[in-house]
Amino acid sequence: MAASTAIGAYTFALLNHYYGLGFWTCLPLAGLVSAAAGFLLGFPVLRLRGDYLAIVTLGFGEIVRILLLNNTEITGGPNGISQIPKPTLFGLEFSRSAREGGWDTFSNFFGLKYDPGDRVIFLYLVALLLVVLSLFVINRLLRMPLGRAWEALREDEIACRSLGLSPTRIKLTAFTISAAFAGFAGTLFAARQGFVSPESFTFAESAFVLAIVVLGGMGSQFAVILAAVLLVVSRELMRDFNEYSMLMLGGLMVLMMIWRPQGLLPMTRPQLKLKKGQAKGEQA
Numbered sequence: 001m002a003a004s005t006a007i008g009a010y011t012f013a014l015l016n017h018y019y020g021l022g023f024w025t026c027l028p029l030a031g032l033v034s035a036a037a038g039f040l041l042g043f044p045v046l047r048l049r050g051d052y053l054a055i056v057t058l059g060f061g062e063i064v065r066i067l068l069l070n071n072t073e074i075t076g077g078p079n080g081i082s083q084i085p086k087p088t089l090f091g092l093e094f095s096r097s098a099r100e101g102g103w104d105t106f107s108n109f110f111g112l113k114y115d116p117g118d119r120v121i122f123l124y125l126v127a128l129l130l131v132v133l134s135l136f137v138i139n140r141l142l143r144m145p146l147g148r149a150w151e152a153l154r155e156d157e158i159a160c161r162s163l164g165l166s167p168t169r170i171k172l173t174a175f176t177i178s179a180a181f182a183g184f185a186g187t188l189f190a191a192r193q194g195f196v197s198p199e200s201f202t203f204a205e206s207a208f209v210l211a212i213v214v215l216g217g218m219g220s221q222f223a224v225i226l227a228a229v230l231l232v233v234s235r236e237l238m239r240d241f242n243e244y245s246m247l248m249l250g251g252l253m254v255l256m257m258i259w260r261p262q263g264l265l266p267m268t269r270p271q272l273k274l275k276k277g278q279a280k281g282e283q284a
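Counted from 1, the sequence shown has number 97 at position 97 by the working numbering; the numbering is strictly sequential.
Source of the hints: derived by calculation from the structure; they are not laboratory data.
All C-beta atoms in this analysis are idealised placements derived from N, C-alpha and C, irrespective of residue type, glycine included.
Incorrect hints may appear among the rest.
[What the hints assert, rightly or not] Here are the simulated DMTMM-like pairs of lysine to aspartate or glutamate, each with C-alpha atoms no more than 25 Å apart in a straight line:
1) K171 - E155
2) K86 - D118
3) K171 - E157
4) K171 - E73
5) K171 - D156
[What the hints assert, rightly or not] Restraint-style ranges between C-beta atoms, simulated for each label pair:
6) L69 - R235: 21 to 29 Å
7) R140 - Y244: 39 to 47 Å
8) R161 - G117: 27 to 35 Å
9) G77 - E151: 42 to 50 Å
10) N108 - L252: 47 to 55 Å
11) R192 - L53: 29 to 37 Å
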């Protein structure tokens, strides 16, 4: 969701710009702010279902973008916020010289020759660490009663109600937690870019994320990661046809919904198959 990602990115940018807080300090704070925003949005709208909920969610993303665009005093408006620092390793910066008020650089501390590629490698490792931690937390949540409730709600909302579960509360929990993860992603995005502006969180980005989920298949983490890699690489390879990117993306989503609505690698559901002899014995 582009709105939660934007909130996380701007939380990091603003806390650093006005209070000088670093990446690792702002990372949990950005997640909390995004989760709070997701909760406030989800509480009144999660009674909606299907297409109506999707429309409201996309509309909220546009509202956040327009607010950031028009607020020139705090968020910088269309100019955005620049000079956002990269993550550090226990205070050591991956740069040629330390910033004012900083501790030291990684190369100076270890007596190494400065290499600009070290910053890219470290940022990649930070992203990989966050992905692994996210997958671990999500897998743990799915094995908890909360995760079982999510699965029950996905399969049959009426049956979920008959079991005494509150669909609104279950949806709200999922909405809030997913907003927190989007806030973490927004923080990493701001750190990588070093600059954030409202144009980084347009409707096209929301559609791109939705296409990743549709292509991969809901409920399968590996499939979503695979779809993300495929679509990101495809977008980079087709930069010469950038003006047709939304057309191709929309066409891909239409084809997927027609020919394979469950995605490339849908989540496997356990099935119980009885042999003919067992079935006859039970009937007798």
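Here's how the hints hold up against the structure:
1. The hinted pair formed by K171 and E155 meets the criterion: a straight-line CA distance of about 13 Å does not exceed 25 Å.
2. Restraint check: the Cα-Cα separation between K86 and D118 comes to about 12 Å, which is no more than 25 Å; the hinted pair holds.
3. For the hint pairing K171 with E157, the CA-to-CA distance comes to about 11 Å; that is within 25 Å, so the pair holds.
4. Note on K171 and E73: the hinted pairing is violated, with a Cα-Cα distance of about 35 Å set against a maximum of 25 Å.
5. Of the supplied pair hints, the one linking K171 and D156 holds, its CA atoms being roughly 13 Å apart against a limit of 25 Å.
6. Distance hint for L69 and R235: a CB-CB separation of about 24 Å, consistent with the stated range 21 to 29 Å.
7. The given range of 39 to 47 Å is respected by R140 and Y244, whose C-beta atoms sit roughly 42 Å from each other.
8. Separated by about 55 Å at the C-beta atoms, R161 and G117 break the suggested range of 27 to 35 Å.
9. Taken as a hint, the range 42 to 50 Å holds for the pair G77 and E151, whose Cβ atoms sit roughly 43 Å apart.
10. Between N108 and L252 the beta carbons are some 48 Å apart, a value that agrees with the proposed interval 47 to 55 Å.
11. Between R192 and L53 the beta carbons are some 31 Å apart, a value that agrees with the proposed interval 29 to 37 Å.
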